[in-house]
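K.L.:
So the chains spell out like this:
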Amino acid sequence: MAAARILKIGLCAVLCLGAIACGGGGGGASSASSSSSGGVSSSSGSTSSSSSSGGTSSSSSSGGTSSSSGGTTSNVASVIVDQGPSSQSVNTLFVSVIVCAPGSTTSCQTIDHIQVDSGSYGLRLVAPPLTLTLPVETLANGSSLAECTQFADGFSWGPIVTADLQIAGEQAHSVPVQVIGDSRFTSIPANCSSTGGTSEDTVSTFGANGILGIGPFELDCGDCATNTHGLYYACTGSTCTDTTVPANLQMPNPVTHFAVDNNGTIIVLPSVPAAGALTVSGSLIFGIDTQTNNVSGTQTVLTVDGNANLSISADGTTFASSFIDSGSNGVFFNDSNITNCTAPANDPSSQITEFYCPGTPITLGVIIEGQNMVTTNNLTFTVGNAQTMLNANPSFNAFPQLAGTFPMPGTFDYGLPFFYGKRVAVAVEGAITTAGKGPYVAF
Amino acid sequence: MPIFRSDEFKVFAIAAAVLIAAAAPRVARATLGEPEITVQTDVAKAHASIKSSQDREGYRVHEVTLPSGTVMREFVAPNGKVFAVSWQGPTRPDLRQALGQYFDSYISAPRAKFADRRHVQIQQGDLIIQSSGHMRALTGRAYLVSAVPSGVNVGDLH
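Chains as they are written, first to last, in this note's numbering: chain A, 7 to 449; chain B, 7 to 164.
Keep in mind the hints are simulated off the structure, nothing from the lab. There's no promise every hint is true.
[Claimed, not checked] Now the stretches of chain A that chain B is said to cover, found in silico as 3 or more residues with beta-carbon under 8 Å:
no., region
1, 117–128
2, 251–264
3, 267–276
4, 404–414
Here a beta-carbon is modelled for each residue, glycine too, at the ideal position from N, C-alpha and C.
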């Protein structure tokens with residue numbers, strides 16, 4: 007998040023002096039806790055580096071959170087909102103994943119600070135910190151498979167490899183995974199760079215050590231088996247050409263490859279004080295209605311359309327192509343009734359102007375409507391003053407009232423602040439749960 | 007209880023309603039800032055299909071469906087120049103072609119190293135680029151501020 011980052015750096019010189027470390031436990035390191043109950047920390051902890059473990063790498067094949075007992079699989083992974091490996095993250099949720107060469111229990115690497123993203127599909131790892139050499143998928147003609155992954159602000163290029171994965175106690179074998187910044191694939195096809203934006207192939211440009219896409223579909227492309235999109239490329243040497251790809255080689259939501267608990271996910275995060283928090287820790291639960299800890303209960307179930315969108319109304323305006331997305335680090339929508347932030351005099355081109363800075367926090371009524379015509383009740387979102395909240399606590403990494411404009415009309419991007427204080431289930435397409443059939447979002 | 011604020015009705019003045027005398031639908035070459043040229047060959051080259059050409063008050067819109075399924079719209083001013091392009095679909099179009107001479111300034115535009123990958127808004131001189139969406143559903147547009155015909159609301163350019 008551009009503006010937040012700029013502010014955090016620019017203001018730290020002044021305001022960090024006032025930020026008193028209260029000592030005590032703090033949020034702790036990511037993945038250290040196996041508890042499924044979340045927590046919020048506003049202190050900087052007893053050690054200044056307690057939440058900044060940027061790198062990765064342990065070659066151990068046993069994860070701290072994984073365990074099996076009593077015949078059931080541990081389906082709860084710890085997740086955390088912290089400053090991330092770039093030290094600049096805001097409202098970004100991270101998890102750790104163990105990656106192994108296919109079939110190996112020793113050639114493994116634990117990678118922390120992988121962003122949990124309910125708005126994309128597939129596990130994508132940045133190299134380095136990924137140091138394992140994983141086998142590249144090959145097409146029938148012997149060429150190597152690579153992908154030009156398109157994000158709204160740029161693209162990431164790299165091969166599709168296969169790996170065995172473990173998250174909490176869940177395991178998946180020979181799963182297609184993208185390696186971003188792979189030294190074996192440095193030549194970006196012109197067709198890929200022509201999609202525009204910046205090449206995001208390092209931890210600093212990516213803002214994470216990887217991304218875990220667990221959205222409500224199985225694959226990252228709807229029809230790449232029969233149609234070329236400029237997404238998948240067949241590479242021979244350094245020559246790569248646009249190609250179709252059999253579905254089993256395409257990038258999947260890795261949860262769908264788990265042996266069990268594979269029909270969806272539930273993100274559980276605690277409420278966060280209006281002013282924000284240094285860290286927020288919670289749980290990523292795998293499966294819906296597969297174990298006692300992931301039963302559906304009586305949530306509101308909202309089905310999504312073929313683009314994983316639904317309708318959101320806020321402040322009297324309906325945004326027809328909206329989405330709920332743990333991978334968005336704020337809440338983004340256009341509302342001319344809310345005052346934008348103004349750029350500081352010493353940085354007139356600051357992107358803080360894309361954020362909202364109302365004089366006092368504004369609480370909006372929000373109605374979310376699924377494809378199934380089900381609507382939410384009594385949902386509100388409070389837009390805070392982005393400048394004020396960042397000024398007040400420049401060391402914080404979680405801001406539940408951070409909101410800004412969205413480039414296109416008709417979209418309300420309900421990002422990670424939506425997840426604070428909720429238990430949000432995302433059921434994959436085709437999933438049969440007691441609450442309904444995926445794809446849906448429920449909370 | 008939700009607090010609803012009254013919806014402020016937005017009025018956009020159409021200052022000069024310029025009606026383009028439309029002949030048969032034509033297909034614009036999708037390059038920002040360049041003249042609309044009747045180039046069926048470009049469309050053929052891209053294996054694209056023309057969905058429609060439509061005259062609106064103050065400008066003309068060509069809609070092209072690319073083989074990827076992405077719908078691209080080109081907005082042509084009365085002076086015959088493409089002043090905006092937009093896209094919506096599973097993947098972005100070839101922006102090097104769509105933005106033409108402006109592509110390089112888009113790429114070189116300064117921006118923060120860490121964006122949230124959900125959207126970007128860039129103003130570089132006369133060029134505004136807005137790119138957004140999420141995987142499998144990307145949207146965006148680019149336009150030249152000075153070339154937007156008088157009276158046209160940029161909010162309608164999508």
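K.L.:
Hints first: check each against the structure and report whether it holds.
P.N.:
Each hint tested on the structure:
1. Counting residues of the region 117–128 of chain A whose CB lies closer than 8 Å to any CB of chain B gives 3, which reaches the minimum of 3, so the coverage claim holds.
2. Residue count for the region 251–264 of chain A with a Cβ under 8 Å from a Cβ of chain B: 0. That is fewer than the three needed, and the coverage hint is violated.
3. With 0 residues bearing a CB less than 8 Å from a CB of chain B, the region 267–276 of chain A misses the requirement of three and the coverage assertion fails.
4. Counting residues of the region 404–414 of chain A whose C-beta lies closer than 8 Å to any C-beta of chain B gives 4; at least three are required, and the coverage claim holds.
The earlier numbered hints that this structure contradicts are 2 and 3.
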